[in-house]
Amino acid sequence: MDKRIFKFLLAFFFCLNLEAEETLTFVPLPTEDRKTIYNYFYPMVSYLEKELDKEIKFVYYDNYEDIVSNFKAGKIDFAYLGPLPYVQLKKEFNKALALVHFKNEKGESTYTCSLVRTLWNKKRQKIALTQPLSTCGYLSVNALLDKKLKNYKYQYLGRHDLVALEVLNGEFDMGGLKSDIAKGYFHLGLDEIAVTKPFPMFSLIINSQSFSSQEIQNITNALLYIDQEELNKWGKPIRYGAVKAMDEDFNPLREMLKNIQIPLEGNF
Amino acid sequence: MLKIQKSYDNFFYGLFLAFTMIAIGAIFYINEQKFNRLQGYYESEIEKISVAYEAAVDKYSFYTEKIFTKDIQTSDNIENLYYAISSNDETTRRYYKGVFYRDFYPLFSDLKKDGIRQLHFHLKDNTSFLRFHYPSVYKDDLTLYRPSIVYVNKNKKPISLFETGRVMSGFRNIYPLEYKGAYLGSVEISVSSKSVIDSLNTLLPDHEFQFLLNAKLTDFKLFESQKHLYSKSIIHPDFVHEDSNAILPDSPKPLSQIAKQIDTLLKSNKELEILMNKKEKIARFFKIEGTYYNVILFPILGLENRLEGYLISYAKASNIPPIVDLTPWFLSIIGAGYIFIIFLLVILRAKSKEISEQKNWFLDVTDSLGEGLYVIDTNANIIYINPMACKILGYTKDELLGKSAHDTFHSHNIDEYLPLEECPILLGVKENGFVQSIDEAFLTKDGRKVWVEINSRALYKDNSLYQIVTTFKDVSIRKELENRMKLLTKALESSSNAVVITDANAIVSWANPAFEHLTGYKITEIIGRKPNELVSSGKQSSSFYEEMWSTILAKKPWSGEVINKRKDGTLYYEELHITPVLNSKREIQHFIAIKQDISERKERKKSIEHYAYYDYLTNLPNRRLFNEHCLQVFKSLPREKKYVALLLLDLDGFKKLNDTHGHDLGDVLLREVAIRLESSIRAKDIVARLGGDEFVIILDNLPVDIKKAQEVSTLICSKLLEAANKPFSLKEVSYQTSLSIGIFLFNTPEPNVENALKKADVALYEAKAKGRNTYHFYE
Numbered sequence: 001m002d003k004r005i006f007k008f009l010l011a012f013f014f015c016l017n018l019e020a021e022e023t024l025t026f027v028p029l030p031t032e033d034r035k036t037i038y039n040y041f042y043p044m045v046s047y048l049e050k051e052l053d054k055e056i057k058f059v060y061y062d063n064y065e066d067i068v069s070n071f072k073a074g075k076i077d078f079a080y081l082g083p084l085p086y087v088q089l090k091k092e093f094n095k096a097l098a099l100v101h102f103k104n105e106k107g108e109s110t111y112t113c114s115l116v117r118t119l120w121n122k123k124r125q126k127i128a129l130t131q132p133l134s135t136c137g138y139l140s141v142n143a144l145l146d147k148k149l150k151n152y153k154y155q156y157l158g159r160h161d162l163v164a165l166e167v168l169n170g171e172f173d174m175g176g177l178k179s180d181i182a183k184g185y186f187h188l189g190l191d192e193i194a195v196t197k198p199f200p201m202f203s204l205i206i207n208s209q210s211f212s213s214q215e216i217q218n219i220t221n222a223l224l225y226i227d228q229e230e231l232n233k234w235g236k237p238i239r240y241g242a243v244k245a246m247d248e249d250f251n252p253l254r255e256m257l258k259n260i261q262i263p264l265e266g267n268f
Numbered sequence: 001m002l003k004i005q006k007s008y009d010n011f012f013y014g015l016f017l018a019f020t021m022i023a024i025g026a027i028f029y030i031n032e033q034k035f036n037r038l039q040g041y042y043e044s045e046i047e048k049i050s051v052a053y054e055a056a057v058d059k060y061s062f063y064t065e066k067i068f069t070k071d072i073q074t075s076d077n078i079e080n081l082y083y084a085i086s087s088n089d090e091t092t093r094r095y096y097k098g099v100f101y102r103d104f105y106p107l108f109s110d111l112k113k114d115g116i117r118q119l120h121f122h123l124k125d126n127t128s129f130l131r132f133h134y135p136s137v138y139k140d141d142l143t144l145y146r147p148s149i150v151y152v153n154k155n156k157k158p159i160s161l162f163e164t165g166r167v168m169s170g171f172r173n174i175y176p177l178e179y180k181g182a183y184l185g186s187v188e189i190s191v192s193s194k195s196v197i198d199s200l201n202t203l204l205p206d207h208e209f210q211f212l213l214n215a216k217l218t219d220f221k222l223f224e225s226q227k228h229l230y231s232k233s234i235i236h237p238d239f240v241h242e243d244s245n246a247i248l249p250d251s252p253k254p255l256s257q258i259a260k261q262i263d264t265l266l267k268s269n270k271e272l273e274i275l276m277n278k279k280e281k282i283a284r285f286f287k288i289e290g291t292y293y294n295v296i297l298f299p300i301l302g303l304e305n306r307l308e309g310y311l312i313s314y315a316k317a318s319n320i321p322p323i324v325d326l327t328p329w330f331l332s333i334i335g336a337g338y339i340f341i342i343f344l345l346v347i348l349r350a351k352s353k354e355i356s357e358q359k360n361w362f363l364d365v366t367d368s369l370g371e372g373l374y375v376i377d378t379n380a381n382i383i384y385i386n387p388m389a390c391k392i393l394g395y396t397k398d399e400l401l402g403k404s405a406h407d408t409f410h411s412h413n414i415d416e417y418l419p420l421e422e423c424p425i426l427l428g429v430k431e432n433g434f435v436q437s438i439d440e441a442f443l444t445k446d447g448r449k450v451w452v453e454i455n456s457r458a459l460y461k462d463n464s465l466y467q468i469v470t471t472f473k474d475v476s477i478r479k480e481l482e483n484r485m486k487l488l489t490k491a492l493e494s495s496s497n498a499v500v501i502t503d504a505n506a507i508v509s510w511a512n513p514a515f516e517h518l519t520g521y522k523i524t525e526i527i528g529r530k531p532n533e534l535v536s537s538g539k540q541s542s543s544f545y546e547e548m549w550s551t552i553l554a555k556k557p558w559s560g561e562v563i564n565k566r567k568d569g570t571l572y573y574e575e576l577h578i579t580p581v582l583n584s585k586r587e588i589q590h591f592i593a594i595k596q597d598i599s600e601r602k603e604r605k606k607s608i609e610h611y612a613y614y615d616y617l618t619n620l621p622n623r624r625l626f627n628e629h630c631l632q633v634f635k636s637l638p639r640e641k642k643y644v645a646l647l648l649l650d651l652d653g654f655k656k657l658n659d660t661h662g663h664d665l666g667d668v669l670l671r672e673v674a675i676r677l678e679s680s681i682r683a684k685d686i687v688a689r690l691g692g693d694e695f696v697i698i699l700d701n702l703p704v705d706i707k708k709a710q711e712v713s714t715l716i717c718s719k720l721l722e723a724a725n726k727p728f729s730l731k732e733v734s735y736q737t738s739l740s741i742g743i744f745l746f747n748t749p750e751p752n753v754e755n756a757l758k759k760a761d762v763a764l765y766e767a768k769a770k771g772r773n774t775y776h777f778y779e
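Sequences listed follow chains A and W, in order. The opening residue of the first sequence carries number 1 in our numbering; numbering runs sequentially from there. The opening residue of the second sequence carries number 1 in our numbering; numbering runs sequentially from there.
Careful, some of the hints might be misleading.
Simulated crosslink set (EDC-like; lysine to aspartate or glutamate; CA at most 20 Å straight-line) [to be verified]:
| # | chain 1 | residue 1 | chain 2 | residue 2 |
| --- | --- | --- | --- | --- |
| 1 | W | Lys-768 | W | Glu-603 |
| 2 | A | Lys-236 | W | Glu-779 |
| 3 | W | Lys-707 | W | Glu-779 |
| 4 | W | Lys-227 | A | Glu-49 |
| 5 | W | Lys-112 | A | Glu-166 |
| 6 | W | Lys-139 | A | Asp-180 |
| 7 | A | Lys-233 | W | Asp-140 |
| 8 | A | Lys-233 | W | Asp-219 |
| 9 | W | Lys-124 | W | Asp-141 |
Estimated spans, in silico, between C-beta atoms of each pair [to be verified]:
| # | chain 1 | residue 1 | chain 2 | residue 2 | range |
| --- | --- | --- | --- | --- | --- |
| 10 | W | Phe-220 | A | Glu-51 | 40 to 50 Å |
| 11 | W | Ser-50 | A | Gln-228 | 41 to 51 Å |
| 12 | W | Lys-260 | A | Lys-57 | 20 to 30 Å |
| 13 | A | Ser-46 | W | Ala-55 | 32 to 42 Å |
I should point out that these hints are in silico values taken from the structure, not numbers from a laboratory. Idealized CB from N, CA, C, for every residue including glycine.
Chain W on its own, in the form it takes in the complex (with noise of 0.2 Å):
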């Protein structure tokens, strides 16, 4: 999900880097346009301006040039100069130079009134010799200050060009003097700056002028008094203005406000300052309340090309390229276009953004979906799956996506190959619109068959079908736990144990039949009741029910018989498992009781028991109980003064019997002649059958007096022979017997019952040997 955000994410970055970049480029080629075309503008401003300053400056030039050839350089009055230098007399010299200043003042004067504002004379030592413009200072040398004068000097060539001065800065026309072949030294006819701005101003009469001097080539030069007339340039600090305000008379009159403003907007130029300290022309324009003007900058050079000064060109601007002009509005429209594609594509972005985010949220939801869900379209062709749905197919995504869901994991439970077109999921959707199915099966990647419960939807597009979505989920295991529980309930409902479970509070719930069998309740009767209410006896105390719910409520299980009553009122027992059953929080959720009907086993047990004791075939006391009893009285003869009689019966003839009409025969005679004994004796005396026909009884508590002893137990023997004789009714025989009885008679005790039943025998022996029917005591 993150890699499709990162993707869009790249997308709409390319997208702004790609607009950004037409922008940018855009705003490039207009400024390249607008370099171009200004730059022509420029070139043809400074041309036209180069073009008159070059006039300018060559208009005196020429002037000079033939002012020095007709008028200096061939007058007589040079001759006067040579004197005026040469002469050895002071006086004489300055007499000549007196005449020569006379003579040339004329000529001066002439000059004055066509603009050449100096007429300088120096000597060849480069000092001044007359300055007609300043005649009383002179004699102060000029090497340091005048390099040009130095130049044509030592050069002897003239020399024409601009050069700032201790008086004036101005444009120098030097010419070497040579009278009679002797060089004299050199005169220099000067236009002021101001001569050149109104020649320029002739030419241009739509511009304005200054000049700006190169302050360090003029500071230094001039006279202490004149420095005052200097100030500091605003457009760059190396260059200062010459009587800016035009206090004196000859100087150009001042800037206008406009050209002042311009030299503002100049200020502080860094680029300016650099290109004039290449002594660069310059050409800029600036827009004054909604009036274009021109600023040209065109560097004069001086000797060996240093600069002097900068010749500054103010004008309003007639012809700018229009694209100076359009440019602001192209680029407004760039800028106001760029911006409203990037505002497109913000939004677009935040949009995509969000729908992008619904979409990994849907992917997330789905990809984090319990559930398999996928997509495909009317031929099942899988567009879309999640992870569980690979997950539980055991198909990785990649091998699912463009396969037919159908051909891939459709089963439908059936293992015959189903064509598409008969495809259930497909069919059902195509007909109503969705297919809900809880028995649907899939086949995974490794052929095993998963149950799952499925859910498909179809996706309409212009009320055409043209995607389906289908969630599932395995129900395999829910399908096992409840084929478990069907077959646990089933379980439970069969046994032939009654199930009963109830809730937290004993209240049932559930009962499987064998509890109508057990109690005679039907199930809806006990359902939501407890089942004390229905089965309780009352034959259990409470404490009995205290243990019991004691045990189950500290969460183990109890186990335990009790007598419960039916339906219709008999008791039975009942043997009772009780096991809580805790839910997550160990907390008692169910109590499951599991009751079994014990009374026959009961019973059984009891006859078990009594059997241990009795015989099985007359119920008379076996040899066991007897010599239990035997044993009990040996133990109160020491305590009790009596006599205690054994006596030993043994029927007569009873194995001719069993012999001539079998066993059961025998064994009916045996019931019948022990009911007789039984019958025969005190209540306080018991009969017990040793095995086969023998009896032995034990008359207890007989008298002290052992004759009267005698005659009890003769008494109890006479009845008992009588007993005997009398005829058996055996399943309509009758049949006649007798007993013999060997009695042992004694009051102190035995050492065991069989040495008593030893004697007993040796009696009943001695009555055998009687004839029968008869009784003896041991002697």
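Chain A extracted, bound-state conformation (with noise of 0.2 Å):
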């Protein structure tokens, strides 16, 4: 072959996996609606744009399996994960690395997870959760429930907010969900019945076979360290700051794993 040809091809599929790793990918756990979720994560990827001078797609999945499959299929690069499926993945896909915890409004790196209710409904049949591998799903309520949500009627619903609003229009008479997003909805009569020690807190997990050590060590500082006013942008649940994550922080959570087997589906 002409070695002019073979440069050119060379080059040209060169440029065109430069232009592959070019675009990074970034999806959010789906606690939330699309809309909100979108608003509180957009800035940090704009933000994150800027910083690794690499363009970042965000897309939304509606279930946590598949952010972990597609992650492990090494097609998301960077993914906003409870410290459940972070666990999960990691037990799958070692690559997967959790860079630094999101803090609170209150500066804290945990979070809990709350059994609501109703003020006005005192049975206790159906429970809404949100997902399979949320920490604040099966895991967490079932822990609260003194491992007996087996006992119960049980449906995934997806999200915290709509486990929230279900609960409140009466469709399931408790749930389980995020105790941060639960006290947005306290004002609508929802009432916590029990709350689980803390998790790690949210944490942004990044795909490491995508980054270079030092492109890793960039977005661990680009995190940490932040101008408020940059923060100010973000959304609720990141908009605090950020504290850098160890493997060790989930290591509780391993444990409350072990001898559970958490059921994918609802039983009714």
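With the hints in hand, could you dock these two chains into one complex?
Following this line, the structure appears as structure tokens:
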């Protein structure tokens, strides 16, 4: 083959490869509706684009499992995940790496899950859950119900806010969701029955295959050392800063997962 | 000439201006027509959008009003709201609020299906009470961000309008809420822009819509986390798009490429920006890839007529007025026609200018002619006359133009009036096509006759004589000069003096008849030759000629007398005057020689000189010469030892001869006596006649010895007496006479001649006394 043609094709495919590497993918956990989630995270995605000088595509998946499977498939470079999805992902895909935990408005880097009901409904039959891989889902509610969740009727609704709304609408008697999200609905008569022990706060997870160690360091620094003015643009779940995440932070959760089989579907 | 050129220029500039005005007028007219048609078209398009927009908005207004009236205001659930607001206990308030939310949630679900985006309850203090569309966000003060809510809470009147908001912008239908007379606050049933656009699309399916929001009324309201959804419009920097990329599920779909292209075409259009700032309804159309598209910008006004945003409609334009397509053709035709006409005008102007310049040039030439020039028609009326002609004739141009040349100044050197039909110039030109005359005469304005040389020629058009151009020049001076020349020539020719004109090399070019007479040479013989070749006598020395040439070559006249030789070889005296004639460069061009034969004068002069010392009758020395001679002799006496005798002679009886035979005979006698006396004396002696019959003789160089001197003197006197005694034949008259001689002998100078003569006369008296015919010595 003519050397020049070979060089041209090489350069062409190299460019294509570069082009492919140029666009990264960010996926948030679908804790709330799509618009809310988009509003929460879009500013951070823009910030990271500038910091990395790379385009980042925002992709929304309704299902936690889809996030995990796509992450493992290398289709996701960034993900905002709760501790349980991360632990599950890490278990199956070691290249997943939690960089930081986002803090809440109190500056805490942990969060809790709440079991809620309404002030006017005393029944305890139907329980609304987020998702199987949601920390505040089956795992937390089961723990708060003394591991007797299987004795209740439960259904996965997908999002934390849906759990709150469906409980409020009387479709479910109780629901498990992130305490921070639940608080937003207390004014509508949502009541907290029980709260879990703190879990590591939701984290920014990366596919370490997608980045060099220097880039990983840069991303970590960019999230840890950030102007308050920039943070003010970000959504509520991530606007209070972050702390560096360590894999050991997830060990208590790993303990909880021992001897438990989380059903992937509701039971009614 | 300049004036003519200027008037030409003004004419063309006028034409240029007129055509330009016509072209501009046509362009204005077409643009006016296009503008009017387009205005009509725009108005109908705007009206269409306006009607559709109002229909879409009204649809939701009617719908929400119905919802409010039937499902909210009259609902039992309002009681829950009342308790949720007014209960003292928070848990109770939460309880009722939750129940309130739960009971209206199905309604909200239904509303969403019908395109309602928001169901939002506000308290009367303008704080958010419950957003069904965003229940976790509440209690925020809306006073600053939502003036429509403030309006409703304040006035307790419903309102329906477009207004930007903290979460979204849309069409707000806000109603005051009361429960048993207590004012609770207000409820807002809002429709998203997408819903309105969807409705518009239902009404106008071939249109595409987007909303632009007034950035000044939007930016400050937004939750920080919402701001990223808004981007600045490229049409107007003071407007923003809401989720232009349709990231969110309930956002209108992104604009098509055509609409984006149209937006790009509207970019940075200051006029558009100004119109938008004025809340104007704007319509435009664009041609993209051969297809016309309309774009209508419809202002969305909110509370107190504030400009909340613009609804922009994009659609293919199916009924654009034909004039739009035709206008470029019309303008091209006008432009091409204009350019063509201007091109023609430019060519015409150039040609006219060229002709004008030629005409000007010709007029300049004729005006600057040293000859008069005029043009007449066949009736001799003057069409053109140049300044020189006017000057010669003494008229101004205006006085002559249109006048009959024949009647005005043709004289033809005759004193009587000549009818036009007999005008020799006209007749000559008509017959021969031209007339040339060097003896024509014109009359000047002041009646003077001017001799002119004319040259008239006919001008023909279509083989017919239509004009006559005549050039003429005033030859009066030439004529006078010629006359003078003739006179001069005649004078020269008739001059008794020979006149010869040569060139600078002395070659004869002209000579008058007197020269022939003087020299005997024919003029034809002398022409072309040098005079000295013919008439030089060789009597003059070379220095003479050198002096003459040096003078005349020094450009000075020379005069002198020369002896020349005639053709027959005889010599003659000539008085010669040579005058060099210089040209304008003061170079010798000619020599004029005037020759006069002065031979007679010379002879006469000689004769006059002779008779100054000689007696004209006897040709003997007269008293004057005798005196001078006597004095010479007196002077010689002191140095020379000699005797000198002075003899005074007198004819005896001469008076009687005169009285009896007349003076003529007496004169003859005197001449005869003179001859005999002269022949009787020695060569060295002289005899002179003192007057009448009195003669005197000086005998010089007589011997030193007085006796010997007396002897010689006596001898001579005897000869004299003898000679006189011989009879004379006087005109056939024989006459006998004698002499009486008085002798004064001296060897010392006398004081003067008279003194000596007196002494001789004393002796003569003695001789006469002795009986005449004898001599006597002074004693």
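| task | State the violated hints by number, sorted upward, taking the hints as numbered earlier in the document. | result | 1, 2, 10
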